[in-house]
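Peer 1: As a plain string of letters, each chain reads:
There are 2 protein chains.
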Amino acid sequence: MSHSVPAAAPCAPDAPPAHPTPDVLLRAERLLAARLPHLAAHAIITADPELLRDESPTPATAPALIVAPGTAADVQALVVIAGALALPVVPRGARTGLVGGCVPRSPSLVVDTSRMREVHRLDIAGRTLRIGPGATLGEIEELLRPHGMMYPPDPASYRRASIGGTVATNAGGLRCVKYGVTDRWVRTLDVVLADGSLVTLGHDVAKDATGYDLTRLFVGSEGTLGIIVGVGITFCPAPAESRLMLAAFASAAGAAAAVATLCARVTPAMCELLDAGALGSRDTGALVPALGSPAGWGADPTLLMVQVDGSHAEAEAEAILARAALELAGGRVVEVAAAHTDAILDMRRGGSAVRTAGGEPSAEALVDPGMPQPTLPQDLSVPVARLGQTIAAIRRIASTHRVQTRIAAHAGDGNLHLLLLTDAAGAEAGAAARAGAAQLRGAMGEIIDAVLASGGTVSGEHGIGSLKRDWAARDLGARTIELHRSTQRAFDPHSLMNPGTGF
Amino acid sequence: MSHSVPAAAPCAPDAPPAHPTPDVLLRAERLLAARLPHLAAHAIITADPELLRDESPTPATAPALIVAPGTAADVQALVVIAGALALPVVPRGARTGLVGGCVPRSPSLVVDTSRMREVHRLDIAGRTLRIGPGATLGEIEELLRPHGMMYPPDPASYRRASIGGTVATNAGGLRCVKYGVTDRWVRTLDVVLADGSLVTLGHDVAKDATGYDLTRLFVGSEGTLGIIVGVGITFCPAPAESRLMLAAFASAAGAAAAVATLCARVTPAMCELLDAGALGSRDTGALVPALGSPAGWGADPTLLMVQVDGSHAEAEAEAILARAALELAGGRVVEVAAAHTDAILDMRRGGSAVRTAGGEPSAEALVDPGMPQPTLPQDLSVPVARLGQTIAAIRRIASTHRVQTRIAAHAGDGNLHLLLLTDAAGAEAGAAARAGAAQLRGAMGEIIDAVLASGGTVSGEHGIGSLKRDWAARDLGARTIELHRSTQRAFDPHSLMNPGTGF
Numbered sequence: 074m075s076h077s078v079p080a081a082a083p084c085a086p087d088a089p090p091a092h093p094t095p096d097v098l099l100r101a102e103r104l105l106a107a108r109l110p111h112l113a114a115h116a117i118i119t120a121d122p123e124l125l126r127d128e129s130p131t132p133a134t135a136p137a138l139i140v141a142p143g144t145a146a147d148v149q150a151l152v153v154i155a156g157a158l159a160l161p162v163v164p165r166g167a168r169t170g171l172v173g174g175c176v177p178r179s180p181s182l183v184v185d186t187s188r189m190r191e192v193h194r195l196d197i198a199g200r201t202l203r204i205g206p207g208a209t210l211g212e213i214e215e216l217l218r219p220h221g222m223m224y225p226p227d228p229a230s231y232r233r234a235s236i237g238g239t240v241a242t243n244a245g246g247l248r249c250v251k252y253g254v255t256d257r258w259v260r261t262l263d264v265v266l267a268d269g270s271l272v273t274l275g276h277d278v279a280k281d282a283t284g285y286d287l288t289r290l291f292v293g294s295e296g297t298l299g300i301i302v303g304v305g306i307t308f309c310p311a312p313a314e315s316r317l318m319l320a321a322f323a324s325a326a327g328a329a330a331a332v333a334t335l336c337a338r339v340t341p342a343m344c345e346l347l348d349a350g351a352l353g354s355r356d357t358g359a360l361v362p363a364l365g366s367p368a369g370w371g372a373d374p375t376l377l378m379v380q381v382d383g384s385h386a387e388a389e390a391e392a393i394l395a396r397a398a399l400e401l402a403g404g405r406v407v408e409v410a411a412a413h414t415d416a417i418l419d420m421r422r423g424g425s426a427v428r429t430a431g432g433e434p435s436a437e438a439l440v441d442p443g444m445p446q447p448t449l450p451q452d453l454s455v456p457v458a459r460l461g462q463t464i465a466a467i468r469r470i471a472s473t474h475r476v477q478t479r480i481a482a483h484a485g486d487g488n489l490h491l492l493l494l495t496d497a498a499g500a501e502a503g504a505a506a507r508a509g510a511a512q513l514r515g516a517m518g519e520i521i522d523a524v525l526a527s528g529g530t531v532s533g534e535h536g537i538g539s540l541k542r543d544w545a546a547r548d549l550g551a552r553t554i555e556l557h558r559s560t561q562r563a564f565d566p567h568s569l570m571n572p573g574t575g576f
Numbered sequence: 074m075s076h077s078v079p080a081a082a083p084c085a086p087d088a089p090p091a092h093p094t095p096d097v098l099l100r101a102e103r104l105l106a107a108r109l110p111h112l113a114a115h116a117i118i119t120a121d122p123e124l125l126r127d128e129s130p131t132p133a134t135a136p137a138l139i140v141a142p143g144t145a146a147d148v149q150a151l152v153v154i155a156g157a158l159a160l161p162v163v164p165r166g167a168r169t170g171l172v173g174g175c176v177p178r179s180p181s182l183v184v185d186t187s188r189m190r191e192v193h194r195l196d197i198a199g200r201t202l203r204i205g206p207g208a209t210l211g212e213i214e215e216l217l218r219p220h221g222m223m224y225p226p227d228p229a230s231y232r233r234a235s236i237g238g239t240v241a242t243n244a245g246g247l248r249c250v251k252y253g254v255t256d257r258w259v260r261t262l263d264v265v266l267a268d269g270s271l272v273t274l275g276h277d278v279a280k281d282a283t284g285y286d287l288t289r290l291f292v293g294s295e296g297t298l299g300i301i302v303g304v305g306i307t308f309c310p311a312p313a314e315s316r317l318m319l320a321a322f323a324s325a326a327g328a329a330a331a332v333a334t335l336c337a338r339v340t341p342a343m344c345e346l347l348d349a350g351a352l353g354s355r356d357t358g359a360l361v362p363a364l365g366s367p368a369g370w371g372a373d374p375t376l377l378m379v380q381v382d383g384s385h386a387e388a389e390a391e392a393i394l395a396r397a398a399l400e401l402a403g404g405r406v407v408e409v410a411a412a413h414t415d416a417i418l419d420m421r422r423g424g425s426a427v428r429t430a431g432g433e434p435s436a437e438a439l440v441d442p443g444m445p446q447p448t449l450p451q452d453l454s455v456p457v458a459r460l461g462q463t464i465a466a467i468r469r470i471a472s473t474h475r476v477q478t479r480i481a482a483h484a485g486d487g488n489l490h491l492l493l494l495t496d497a498a499g500a501e502a503g504a505a506a507r508a509g510a511a512q513l514r515g516a517m518g519e520i521i522d523a524v525l526a527s528g529g530t531v532s533g534e535h536g537i538g539s540l541k542r543d544w545a546a547r548d549l550g551a552r553t554i555e556l557h558r559s560t561q562r563a564f565d566p567h568s569l570m571n572p573g574t575g576f
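Chains A and B, in that order, are what the protein sequence lines are. Heads up, the first sequence is in our numbering, so the first residue is 74 and it goes up one at a time. Heads up, the second sequence is in our numbering, so the first residue is 74 and it goes up one at a time.
Among the hints, a few may not be true.
Over the 12 angstroms line for every Cβ pair with chain A, so calculated as not near, a few chain B residues [claimed, not checked]:
1. E123
2. D373
3. A411
4. A465
5. R507
Covered stretches of chain B (chain A as the covering partner; in silico rule of three or more C-beta atoms under 8 angstroms from a C-beta of chain A) [stated by the list, open to error]:
6. 239 to 246
7. 486 to 492
8. 539 to 553
Negatives, chain A to chain B, calculated, CB over 10 angstroms [unchecked claim]:
9. L104
10. F308
11. V361
12. S366
13. D419
14. A504
By construction, these hints were calculated from the structure, which means they are not laboratory data. All values derive from a computational prediction rather than experimental measurement. From the three backbone atoms N, C-alpha and C, an ideal C-beta is built for every residue, glycine too.
Use the sequences and the hints to build the structure in full.
Peer 2: Below, the structure is given as structure tokens:
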């Protein structure tokens with residue numbers, strides 16, 4: 074067991090100070106050594122921000138005892154230790170989150186599930202997989218592909234993201250517009266509750282009306298109700314054929330209108346929008362010569378990436394209809410040869426200046442590497458029919474606040490990823506950075522107001538974490554936040570589980 | 074306001090006695106007259122079993138004050154009155170439930186939402202409808218059909234069932250195998266909580282990761298968390314084409330195996346199984362001459378009804394694959410001409426000896442009108458791959474207990490509707506009826522054990538109500554039932570809302 078207890082926890086300028094003393098961590102460590110000696114090699118007390126971060130700019134504001142258990146029984150014993158010490162428990166998976174949902178804010182026990190990746194049962198005929206929470210979606214893809222099956226949720230980070238973490242955040246992704254987000258695919262969850270008990274929620278069946286849907290309540294609960302130690306999912310046959318087309322538009326408004334035209338006629342498997350800011354200096358013409366460079370598309374170049382899939386006949390029919398709809402809406406459509414599809418999708422998924430917790434480029438990438446460090450990544454969700462007016466409102470507000478915008482949207486779902494940038498975004502600290510941050514917060518506050526006024530919400534797929542609690546409170550309202558608190562206490566009367574996350 | 078207060082509440086032999094005195098109902102009525110005089114014409118105190126029943130054999134064991142409010146504000150005021158008197162609140166819709174979920178067990182305020190059927194907003198382009206909870210699925214079908222849209226959940230009672238009631242039970246139906254059950258289609262719920270407050274849960278968006286999914290928690294909560302006073306749903310384009318085929322099998326085992334073969338190749342929009350008991354004396358040959366009478370199919374005649382849908386190309390392709398799969402699995406396949414499809418589906422949905430609350434034939438019909446009154450309707454859900462072995466287990470157990478079975482399954486979902494009958498089922502009362510009931514309970518207990526052992530659950534789409542509480546407790550286990558109770562208290566600290574239902 075290695076140590077790196079600092080004299081004081083590092084504090085970011087605006088973060089609350091770490092109040093309880095790290096002594097509790099030493100006591101936790103002693104209990105761990107006595108009761109779970111086999112975990113000694115998988116435990117560390119640390120305040121190293123690199124070991125405590127996710128992929129958001131959320132700073133850890135306290136040291137933590139990080140333990141990586143190997144079994145559900147380990148997790149139960151760990152929660153009992155934490156309960157005895159009133160030590161907050163922060164569950165985490167692969168740390169690909171974007172809202173600081175697994176970043177400790179006071180001395181905590183961080184339960185890292187990344188070692189728990191065992192396949193408990195794979196039943197291809199029954200279309201069910203029971204697997205440890207630490208398995209990545211990439212590993213699940215490898216398991217299913219030889220059988221012609223796929224698990225649809227595909228957040229941009231899916232190769233690295235853990236199934237447990239994606240369940241805890243109800244992760245979405247590119248193809249959710251057709252296949253739905255995580256909650257559609259989860260059937261059972263094994264969870265360790267705050268009292269150390271282990272229960273299995275749900276059943277391995279297609280239809281389940283027995284009692285409350287506590288499985289779904291856990292999906293998206295961001296570690297505040299318990300720790301997910303086993304996940305049972307269902308999956309579906311991978312489509313026989315996928316067809317990807319790119320459509321160049323002269324304006325974001327035109328592209329947004331095209332999304333409505335398109336979705337009234339076909340059910341795309343993917344419908345992504347990249348605005349001029351997100352396209353940046355990317356040379357789309359180098360990837361797809363027939364598309365040319367965005368500069369040639371018009372004053373406000375905007376790209377739609379539309380994929381249809383299904384049986385050969387279905388994909389063919391959908392592709393014809395999709396192309397017609399996009400052209401009808403004013404798009405210049407280029408179909409991408411199958412051999413180049415992966416490169417195009419990687420362009421959508423990758424290539425950011427944001428570092429991952431593991432040092433790789435972040436997968437939720439919107440801007441090319443040459444751009445300044447983005448700040449305030451957002452994940453707004455609006456009615457699809459209001460996509461265009463929302464983009465217009467964002468740009469109007471950003472212009473007033475002299476802030477730049479980059480928008481990449483899961484447009485078919487009305488789910489907008491928005492980055493706001495100021496000229497000060499590159500500043501490391503000091504007055505310029507603080508002024509820039511205030512400028513961004515001001516703009517974002519008005520954008521949130523516009524989104525809520527149009528019936529939208531502050532998160533479509535990333536969750537609330539610690540970054541968006543104030544906005545979530547504004548979104549949900551006082552009475553619904555009360556319901557959240559009382560529901561949380563129903564599972565965890567002493568607020569042990571990931572306090573300060575979500576609400 | 075009309076009265077019919079009995080001297081004592083009628084009690085069924087096995088039902089608990091009504092304990093609080095009906096005096097509380099008179100006090101509730103006085104408060105109602107003072108505070109909500111406009112509801113006088115829509116209120117009645119009654120112990121009439123006909124006015125208090127659903128479509129299950131659950132007897133009301135107490136009188137109730139039934140009030141049919143017109144607005145959400147009415148419901149709020151009613152709940153405040155009930156709270157002041159500690160009077161249980163029983164919400165109900167169209168009373169098409171099959172588990173006694175809206176049948177009072179002690180003197181109660183029954184909040185009948187059937188007058189609240191206003192269309193608040195219909196947005197075809199945005200694919201959202203906000204409507205009062207009392208609107209029937211049949212009315213919603215009429216609203217959407219002219220626009221080429223459909224709301225998929227279609228419990229057999231859908232023409233009469235209310236949207237609020239189907240949300241409260243997470244109703245399924247025939248085409249859920251492709252389109253999912255109610256929870257996939259609900260986006261927002263306006264609910265009145267036990268303290269009389271009104272909140273809107275969820276957002277009108279395709280993807281929502283803001284806070285706990287309390288909307289989904291309400292779906293299937295059977296009136297125990299609050300009263301649904303407004304429902305926001307999404308919908309989808311009605312398929313351009315549907316193709317229905319019937320497949321005759323010589324045995325239930327063969328038909329069950331065919332379901333697996335079929336579902337591995339296509340995604341049917343409907344996949345129903347009727348066993349020999351459910352087919353009874355129906356002359357399928359009269360409906361579809363090429364099919365002939367079940368007596369000619371083999372020793373254990375079993376029917377699969379398979380529908381595929383989609384665009385013309387997709388339906389055509391799926392129909393070819395479906396027919397091939399069914400024939401490969403030993404079925405004799407007859408495609409039904411479009412003109413006769415409705416008659417066939419009505420055969421599946423209708424024709425029972427069970428009366429509805431409104432006196433019409435029940436829609437959850439499994440037996441033809443000539444058969445004895447069925448009892449103990451069940452709604453078991455098992456992994457699809459275990460459908461065949463579950464049917465075999467049911468028959469083995471039934472045979473031991475000398476009980477007859479009728480099985481109609483949403484086979485593609487593994488959801489079995491099972492009726493058990495004894496020779497005494499027709500007896501109105503007395504020793505024969507009691508002995509028959511004990512015989513049925515014994516058989517059903519063993520069947521439940523077999524279902525739970527195979528990973529199944531006691532309800533796929535009807536819910537638990539008051540009929541299946543003991544089985545649900547066995548299914549979920551003590552710790553999960555505790556979680557249900559604490560979750561319920563989080564919303565309703567004084568257990569006002571539909572106590573005794575679900576768990």
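Peer 1: Evaluate each hint against the coordinates.
Peer 2: Hints versus structure:
no. : hint       : result
1   : E123       : holds, 26 angstroms
2   : D373       : holds, 23 angstroms
3   : A411       : holds, 21 angstroms
4   : A465       : holds, 17 angstroms
5   : R507       : holds, 28 angstroms
6   : 239 to 246 : holds (count 3)
7   : 486 to 492 : holds (count 3)
8   : 539 to 553 : holds (count 6)
9   : L104       : holds, 24 angstroms
10  : F308       : holds, 13 angstroms
11  : V361       : holds, 28 angstroms
12  : S366       : holds, 32 angstroms
13  : D419       : holds, 23 angstroms
14  : A504       : holds, 34 angstroms
The structure is consistent with each of the numbered hints, conforming to all of them.
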